[in-house]
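Add chain B to chain A, keeping to what the hints say.
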Amino acid sequence: MEYDYFHKYLGLSHEDIISMLKFLEINNIEELFSDIPNILKLNKDLDLPDEMDEKELKRLITSILAENITIPPNKIFLGGGVYPVHVPAIVKSILGRSEFLTSYTPYQPEISQGVLQALYEYQSLISILTGLEVVNASMYDWGSSAAEALLMSIRYTRKKKIVILGPVSPNRLEVIKTYIWPHNIRLVQLDWDKDTGLTPIEDMYNQVDEDTAAIYIEVPSYIGSVETNIEEIVKIAHNKGALVIMGVDPLFLSLIKPPGDFGVDIVVGEGQVLGNPLNYGGPLLGIFAVRGDMKLIRQMPGRVIGMANTLDGKRCYTMIMQTREQHIRRENATSNICTNEALTAIASAIYISLLGADGLYSLSKSLIERSHILAEFLCKRGFQAPPYTSPYFREFIVPLEINPAIIIKRGLEAGYIVGKDITSIVKSKYGYSLHISINEFHREKELKELVELLAGGDKY
Amino acid sequence: MTGFHQARWAEPLIFDLSGSTAPYPHENIEELTKYLPKDIIRESLEIPNISEPRVAKHFIRLSQMNYSVDLGMYPLGSCTMKYNPKIADEIINNCNLEYIHPDQPIETVQGLLKVLYDLAKYLCEITGMEHCSLQPAAGAQGELTGVLIMKKYHITNNMDYKDEVIIPDSAHGTNPASAKMAGYKVVEVPSNEDGKVDISALRDAVSERTAGLMLTNPNTLGIFEDRVLEMAEIIHEVDGLMYYDGANLNAITGVARPGDMKFDIVHVNLHKTFGTPHGGGGPGAGPICVNDKLREYLPVPIITKKDGKYVLDYELKHTIGRVHSFYGNISVLLRAYIYIRRMGRKGIAWMSKIAVLNSNYLLKKISRFKGVDLPFNKDVPRKHEFVISLQRLKKDTGVTALDVAKRLLDFGVHAPTIYFPLIVNEAFMIEPTESVTKDELDYYAECLLNVLNESYSTPEIVKSAPHNLAIKRVREAEASRPSSMAPSYLWFKKRSMAKL
Numbered sequence: 001m002e003y004d005y006f007h008k009y010l011g012l013s014h015e016d017i018i019s020m021l022k023f024l025e026i027n028n029i030e031e032l033f034s035d036i037p038n039i040l041k042l043n044k045d046l047d048l049p050d051e052m053d054e055k056e057l058k059r060l061i062t063s064i065l066a067e068n069i070t071i072p073p074n075k076i077f078l079g080g081g082v083y084p085v086h087v088p089a090i091v092k093s094i095l096g097r098s099e100f101l102t103s104y105t106p107y108q109p110e111i112s113q114g115v116l117q118a119l120y121e122y123q124s125l126i127s128i129l130t131g132l133e134v135v136n137a138s139m140y141d142w143g144s145s146a147a148e149a150l151l152m153s154i155r156y157t158r159k160k161k162i163v164i165l166g167p168v169s170p171n172r173l174e175v176i177k178t179y180i181w182p183h184n185i186r187l188v189q190l191d192w193d194k195d196t197g198l199t200p201i202e203d204m205y206n207q208v209d210e211d212t213a214a215i216y217i218e219v220p221s222y223i224g225s226v227e228t229n230i231e232e233i234v235k236i237a238h239n240k241g242a243l244v245i246m247g248v249d250p251l252f253l254s255l256i257k258p259p260g261d262f263g264v265d266i267v268v269g270e271g272q273v274l275g276n277p278l279n280y281g282g283p284l285l286g287i288f289a290v291r292g293d294m295k296l297i298r299q300m301p302g303r304v305i306g307m308a309n310t311l312d313g314k315r316c317y318t319m320i321m322q323t324r325e326q327h328i329r330r331e332n333a334t335s336n337i338c339t340n341e342a343l344t345a346i347a348s349a350i351y352i353s354l355l356g357a358d359g360l361y362s363l364s365k366s367l368i369e370r371s372h373i374l375a376e377f378l379c380k381r382g383f384q385a386p387p388y389t390s391p392y393f394r395e396f397i398v399p400l401e402i403n404p405a406i407i408i409k410r411g412l413e414a415g416y417i418v419g420k421d422i423t424s425i426v427k428s429k430y431g432y433s434l435h436i437s438i439n440e441f442h443r444e445k446e447l448k449e450l451v452e453l454l455a456g457g458d459k460y
Numbered sequence: 001m002t003g004f005h006q007a008r009w010a011e012p013l014i015f016d017l018s019g020s021t022a023p024y025p026h027e028n029i030e031e032l033t034k035y036l037p038k039d040i041i042r043e044s045l046e047i048p049n050i051s052e053p054r055v056a057k058h059f060i061r062l063s064q065m066n067y068s069v070d071l072g073m074y075p076l077g078s079c080t081m082k083y084n085p086k087i088a089d090e091i092i093n094n095c096n097l098e099y100i101h102p103d104q105p106i107e108t109v110q111g112l113l114k115v116l117y118d119l120a121k122y123l124c125e126i127t128g129m130e131h132c133s134l135q136p137a138a139g140a141q142g143e144l145t146g147v148l149i150m151k152k153y154h155i156t157n158n159m160d161y162k163d164e165v166i167i168p169d170s171a172h173g174t175n176p177a178s179a180k181m182a183g184y185k186v187v188e189v190p191s192n193e194d195g196k197v198d199i200s201a202l203r204d205a206v207s208e209r210t211a212g213l214m215l216t217n218p219n220t221l222g223i224f225e226d227r228v229l230e231m232a233e234i235i236h237e238v239d240g241l242m243y244y245d246g247a248n249l250n251a252i253t254g255v256a257r258p259g260d261m262k263f264d265i266v267h268v269n270l271h272k273t274f275g276t277p278h279g280g281g282g283p284g285a286g287p288i289c290v291n292d293k294l295r296e297y298l299p300v301p302i303i304t305k306k307d308g309k310y311v312l313d314y315e316l317k318h319t320i321g322r323v324h325s326f327y328g329n330i331s332v333l334l335r336a337y338i339y340i341r342r343m344g345r346k347g348i349a350w351m352s353k354i355a356v357l358n359s360n361y362l363l364k365k366i367s368r369f370k371g372v373d374l375p376f377n378k379d380v381p382r383k384h385e386f387v388i389s390l391q392r393l394k395k396d397t398g399v400t401a402l403d404v405a406k407r408l409l410d411f412g413v414h415a416p417t418i419y420f421p422l423i424v425n426e427a428f429m430i431e432p433t434e435s436v437t438k439d440e441l442d443y444y445a446e447c448l449l450n451v452l453n454e455s456y457s458t459p460e461i462v463k464s465a466p467h468n469l470a471i472k473r474v475r476e477a478e479a480s481r482p483s484s485m486a487p488s489y490l491w492f493k494k495r496s497m498a499k500l
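For the protein sequence lines, the chains are A and B, in the order given.
Residues in the first sequence are numbered from 1 upward in steps of one, following our numbering.
Residues in the second sequence are numbered from 1 upward in steps of one, following our numbering.
In isolation and in its complexed conformation, chain A is listed as follows:
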């Protein structure tokens, strides 16, 4: 029988197919493909494996992934924007609701209030953290958020120069370069001072001029240093008609004043840390927040959810300002983004709602405390941790006398990932260097073990 094939994911039975073919007055399904020229038809089977049932599939994936070496989060000292996070059970449980998981972009608001209100809450919570009034419903990641923010500043100011302050994550910088490459933009990356870990203010005075569209600064920076003089940077930029774009770790915002209060125009950042698993680096959550100025908002990329009213006067939520977007404005859209990271944004809304102000504060405080305890341990053993004077939050770099690759290997043998070798980025200033990040799983025990691994004591 030709139609006796059946797969559980297909909706039609053999009898359905026969009766539908009859209704269509055709003899077989192939007739529906008769308009495809024969020369274009595959006319053979794809070279793919056979179908598997659930049991076989689970066995297969389990056996393949068994080739991974699983390292628990308390023994991982990697960060740089994404971190091991305890995802509360409630976040997982709610994200498993198929009403959220298996719905589409809320193009019909009346039947999609759940996703719309949850995304509106995400936007509103980020808006409070950043102090900026308008937040979009997410970008892909910090890298694409930063890149799109720079492109936005070019459109807004009609100028073509971008000044980047201090050390920026090399991956993000690469994404930025990929995005701006076609647009003849001049990218000036200012060096930072070895001792402070920050770009000297006078260098900004020299480099930020009338041609500058924006300054981009990450707080904390990629090496962990924290710029505390945001107010002056904003003044320098605004005096020349340039925008200030700040990349942030959103958790750090629970400890410091909101960037909006300093006059920062656009805040971007990585929302993974707000309740999303690492998953080897994706999906992530690009935060994108903008000052509440209509001229600026009109240049924003991405979807924005707004409060609305129904015909009978009840409060509800819907996508707003869609005339900026590709499905309406086509080549004149502010960005090509369509599918974003909505579900990770919803996860972050649940996460922040669960922690509340108190939970966010105590988590961030414990991170800053522990990173300082670790630095103290390291200093006692003769390390310069960190080698700069600026404040730091949850990560910093440690100069080493030997190649970090040796220590990383030593750590791995002991079941630790001790950090990331960032010598190539900081060599001229600090020589061999390791980038170390604290996460919420670290206890004093692991901090001490890490110090031993770095110091290469008797045990190692």
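A portion of the hints provided could be inaccurate.
Stated by the list, open to error - Some chain A residues judged to face chain B by a derived CB distance under 8 Å, without partners named:
| no. | residue |
| --- | --- |
| 1 | G81 |
| 2 | R97 |
| 3 | E99 |
| 4 | L101 |
| 5 | Y104 |
| 6 | P109 |
| 7 | L125 |
| 8 | R172 |
| 9 | L255 |
| 10 | N279 |
| 11 | Y280 |
| 12 | N336 |
| 13 | I337 |
| 14 | R370 |
| 15 | G415 |
| 16 | I417 |
Because the hints were derived from the structure by calculation, they are not lab data.
Yeah, the Cβ is synthetic: ideal placement off N, Cα and C, and Gly gets one too.
Chain B alone, transformed into the frame defined by chain A:
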């Protein structure tokens, strides 16, 4: 018809829930001055502290006011809202991905890299291409990656005068937007009376300046562009590249391949064709596949195999660079791998056959209804989706495609994509997918017939729809007006205070 009603909770915003809104952290500032200068320490954070049970109720209530694939038919055209296998949820939640950091040494992630490597191989086989990058996080990012590859290829080969990309008028909005982001000028070519690219108009549009053609096949009308080889010849003659938008790949898997149609660059939407959930708008994944001459232009790193070990290869001579901070949306990629293995060789081919059968079955039922027209060639079968026009209905009754869409929601089904593609008036773009049953298709047709009849007999019911959902119709225009909009709670509060 059924008495469908959506849940209707008067659930306030999280900010308006009663909780202890602690005046945090005034009293705590001192303890932070050890680490941070006092003048940058935050003085208040206006986020409520709410109990876990109340947070749970809040979001579960919201979820009940949201339609989804698991509830019923969701036939959004060009969105491929098919079943999202539960086995993928289970595996993802239990495979220890949670704490794998992207900077981990590659010897700790060999299993994961094997899955990704094999997925790339499968996608190449399905599309008929040779190399694949899994990095783009969504279809539109895949498109951007593709047109950047196009640009880099021409610049590298001393053809930097190529500054135009040709796009049919029926294309998705992301195509022209992506081309623009890569710095191209967009040249639109019209469709002919058959709903296909007008070949002579294409010839007229092509010049030395043409960098490439972006094409969806079948196109957004659900019609297969049978002269695609001719188009490829025209484009390749001027050294242009052929770009395949994979949004409609679900129509032809196992039947025909973009590579055999002479496309050079293909993006695939895993959240469409390969059954990964849309999550209310994302995350998706938009891998990009290319032929051999474009391998060196792919984003870095790509996953390769060296001495039996999987490695991340950064050494591509002409790479356009990174498009993602790391390697892409890994858990989405893993889900697509699971989907392909579960479906298998035969299932992947059958899903397109059934999707196309469902689409044509529903089309034949619907196109007989009063008020409905099928634009363009009526004799050529549509593929996985089709577009009808409700122009006649509007003329007869004043009821618009928007009204009909809103009224359909009242019966527990989702509306199709409306007012797209732009070349059809009062467009209704329907893609049932292979996941639905015949009963569901019949029910959908019945619902539509009912709404069309209402439009003729009692149009006010349709024009004031929906009636059975969590809320009544939204006043959309007002929500985007600067004087009345409220894009966040902070904005809303500031405006309310200014009014006082």
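Results of checking the hints against the structure:
no.: 1; hint: G81; verdict: 7 Å, holds
no.: 2; hint: R97; verdict: 4 Å, holds
no.: 3; hint: E99; verdict: 4 Å, holds
no.: 4; hint: L101; verdict: 5 Å, holds
no.: 5; hint: Y104; verdict: 5 Å, holds
no.: 6; hint: P109; verdict: 5 Å, holds
no.: 7; hint: L125; verdict: 6 Å, holds
no.: 8; hint: R172; verdict: 6 Å, holds
no.: 9; hint: L255; verdict: 6 Å, holds
no.: 10; hint: N279; verdict: 5 Å, holds
no.: 11; hint: Y280; verdict: 4 Å, holds
no.: 12; hint: N336; verdict: 4 Å, holds
no.: 13; hint: I337; verdict: 6 Å, holds
no.: 14; hint: R370; verdict: 11 Å, violated
no.: 15; hint: G415; verdict: 11 Å, violated
no.: 16; hint: I417; verdict: 6 Å, holds
Consistency note: the structure conflicts with the earlier hints numbered 14 and 15.
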